[in-house]
Amino acid sequence: MRRISDMAQAKSEFIADLFEEQATPLLKYLTARFKNVDEAKEVAQEAWLRVFRLDHPEELENAKAFLFQTASNLSIDRIRRVSLERNHDVMAEEPVQSVEATVAAQQTLRTIEASLFELPTKCRQAFVMHRQKNMSYPMIAEQLGVSTSMVEKYIIQALKHFRNKLDHQLDSAGSVSDQAIEWLARLRADDVTPQETADFAIWLAASKNHEQAFDTATEIWQLTAHMPPLSIILKPATPRYRKILPLATAASVLLAAFLMVVQLATPGFTTGKGEQRRVVLADGSIAFLNTASKIQVDYSTDERRIILQQGEVWFDVAKNTKRPFTVDGQYADAQAVGTAFSVRETPGFTRVSVTEGTVVLFKEDGEEGSHLGPGDEGTVTAVTMDYRQVDPDVVLGWQRGQLVYNDVRLDELLQDLNRYLPKTMAINDLHLESLRVSAVLNLDDQEAMLDALSKTLPIRWKSLSDTLIIVTSDA
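For the sequence shown, the UniProt record's numbering gives the first residue as 1, with consecutive numbering after it.
What the hints contain is simulated information worked out from the structure, not anything from laboratory work.
Hints are supplied without guarantee of correctness; some may be wrong.
No more than 25 Å apart at the CA atoms, straight line, and that leaves these computed lysine-lysine pairs for DSS-like [as the list claims (entries may be wrong)]:
id: 1; residue 1: Lys423; residue 2: Lys273
id: 2; residue 1: Lys28; residue 2: Lys41
id: 3; residue 1: Lys133; residue 2: Lys322
id: 4; residue 1: Lys41; residue 2: Lys133
id: 5; residue 1: Lys41; residue 2: Lys462
id: 6; residue 1: Lys423; residue 2: Lys294
id: 7; residue 1: Lys122; residue 2: Lys153
id: 8; residue 1: Lys423; residue 2: Lys462
id: 9; residue 1: Lys160; residue 2: Lys122
id: 10; residue 1: Lys133; residue 2: Lys153
id: 11; residue 1: Lys133; residue 2: Lys122
id: 12; residue 1: Lys294; residue 2: Lys28
id: 13; residue 1: Lys294; residue 2: Lys41
id: 14; residue 1: Lys363; residue 2: Lys319
id: 15; residue 1: Lys160; residue 2: Lys133
id: 16; residue 1: Lys363; residue 2: Lys28
id: 17; residue 1: Lys322; residue 2: Lys273
id: 18; residue 1: Lys273; residue 2: Lys319
id: 19; residue 1: Lys363; residue 2: Lys133
id: 20; residue 1: Lys208; residue 2: Lys133
What you are looking at is a predicted structure, and each value in this text was computed from that prediction instead of being measured.
Taking the hints into account, I'd like the entire structure generated from these sequences.
Laid out in structure tokens, this is it:
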């Protein structure tokens with residue numbers, strides 16, 4: 001990377017310190033305000049950019065106050081705009097693409113997909129693991145038996161190859177386009193530092209050419225998201241197109257900078273319905289995602305923060321007393337240093353169950369609730385905080401494909417099972433909903449599970465389609 005000039009050093013160091021200290025508090029403040037992490041990120045984007053665009057931010061009398069006041073003003077503007085749009089039924093019209101534009105877009109995707117198979121094997125594997133599997137550089141390095149820095153080089157190599165195949169009219173033989181791609185790959189690394197973040201901000205603001213090059217690099221990255229799911233061992237497909245129409249740069253520098261500030265620095269992991277996934281995080285902690293779950297990882301030098309957006313995740317936390325590990329839920333936060341616990345986020349409550357060690361539970365307003373030990377479970381709503389004792393083995397039964405229910409209503413049991421199973425189950429008899437059920441159920445065969453329930457309960461079931469099962473009375 002090209003080093004920034006001495007004249008920009010003061011600004012770079014100031015932005016690095018400010019970002020390290022305030023990035024996480026600002027995002028948490030905005031998330032609490034909007035109750036939506038995506039909206040919070042959008043406002044954070046603009047607030048940080050306004051700081052980046054100042055000629056001498058280091059001369060601010062109170063930079064934190066400026067940052068948070070800017071974010072607050074932007075929040076008010078956004079809320080007013082959304083309210084106005086709702087009140088007047090204002091809807092943005094969708095642009096209508098021409099046939100030529102549609103064909104060009106299809107050709108672009110085919111070109112990217114075909115060029116992927118022109119990459120060396122490990123380079124192709126690394127890119128697919130990172131882009132489609134959401135695997136971090138360290139995870140890929142362990143899988144491929146290479147260094148983390150080598151993985152980053154693979155990502156850079158792939159993006160440069162895509163750029164060349166797309167025939168962008170850039171200085172492909174020069175440095176600016178290469179620098180933009182290298183920055184994009186660096187900012188996606190788990191170990192990107194606040195100083196590097198500041199250096200990027202200075203680089204981006206130094207020239208319109210830099211902005212345009214980074215826009216194009218970001219556009220290429222976004223295009224790769226539209227490729228169909230690929231196996232990392234697929235054989236090359238025969239390229240059908242070699243040349244495509246030049247791409248118009250659609251992403252603005254604001255989006256590019258926002259990706260740098262928030263999204264590129266905070267990798268996310270998701271699972272679909274019925275899917276489970278074990279992820280090794282950058283610090284060595286393990287996140288085991290249950291069905292239909294989604295997390296955002298936000299690590300800094302002084303803390304490790306996970307935003308649980310939906311579903312249920314079990315964490316085995318690597319011990320580090322200097323960097324506490326916090327999981328943000330909608331109604332509560334759970335904080336630990338080195339322990340194992342699960343957090344479940346559902347409409348109406350956040351539930352924390354501890355399997356090992358100690359977890360401190362905080363309400364949404366920051367009030368400390370309780371210290372939970374092994375076998376303790378806390379359930380927090382908007383107004384209540386309840387505790388009970390549970391069996392850790394039962395809590396983690398889903399990891400073995402087994403769920404245990406003890407004296408629960410039938411409608412609640414089926415609602416919970418619907419999180420896992422391919423066919424949604426619905427009751428069409430109100431008298432059945434309140435039936436009490438105790439059962440140990442295996443998730444590997446939905447019909448066998450329903451047959452087992454029908455032997456102990458006055459119910460029968462019928463599959464109406466590939467996606468729906470109706471449960472009725474056996475009377």
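Right, here's what the structure says about each hint:
1. Lys423 / Lys273: 11 Å, holds
2. Lys28 / Lys41: Since the Cα atoms of Lys28 and Lys41 sit roughly 10 Å apart, the hinted pair holds (cutoff 25 Å).
3. Lys133 / Lys322: 30 Å, violated
4. Lys41 / Lys133: Holds - the C-alpha atoms of Lys133 and Lys41 are around 23 Å apart, at most 25 Å.
5. Lys41 / Lys462: Measuring from Cα to Cα gives roughly 45 Å; hence the hint is violated.
6. Lys423 / Lys294: With Cα atoms ~21 Å apart, Lys423 and Lys294 stay inside 25 Å; holds.
7. Lys122 / Lys153: 11 Å, holds
8. Lys423 / Lys462: Distance ~11 Å between Lys423 and Lys462 Cα, so the pair holds.
9. Lys160 / Lys122: 16 Å, holds
10. Lys133 / Lys153: Holds, at about 18 Å.
11. Lys133 / Lys122: Given that 25 Å is the threshold and the Cα spacing comes to 15 Å, the pair holds.
12. Lys294 / Lys28: With a Cα-Cα distance of about 17 Å, the restraint between Lys294 and Lys28 holds, given a limit of 25 Å.
13. Lys294 / Lys41: 16 Å, holds
14. Lys363 / Lys319: Satisfied, since the Cα-Cα distance of roughly 23 Å is no more than 25 Å.
15. Lys160 / Lys133: Between Lys160 and Lys133 the Cα gap is close to 21 Å, so the pair holds against 25 Å.
16. Lys363 / Lys28: 14 Å, holds
17. Lys322 / Lys273: 36 Å, violated
18. Lys273 / Lys319: 31 Å, violated
19. Lys363 / Lys133: The hint is violated at about 33 Å.
20. Lys208 / Lys133: 34 Å, violated
Violated hints, in rising order: 3, 5, 17, 18, 19 and 20; the structure is consistent with all others.
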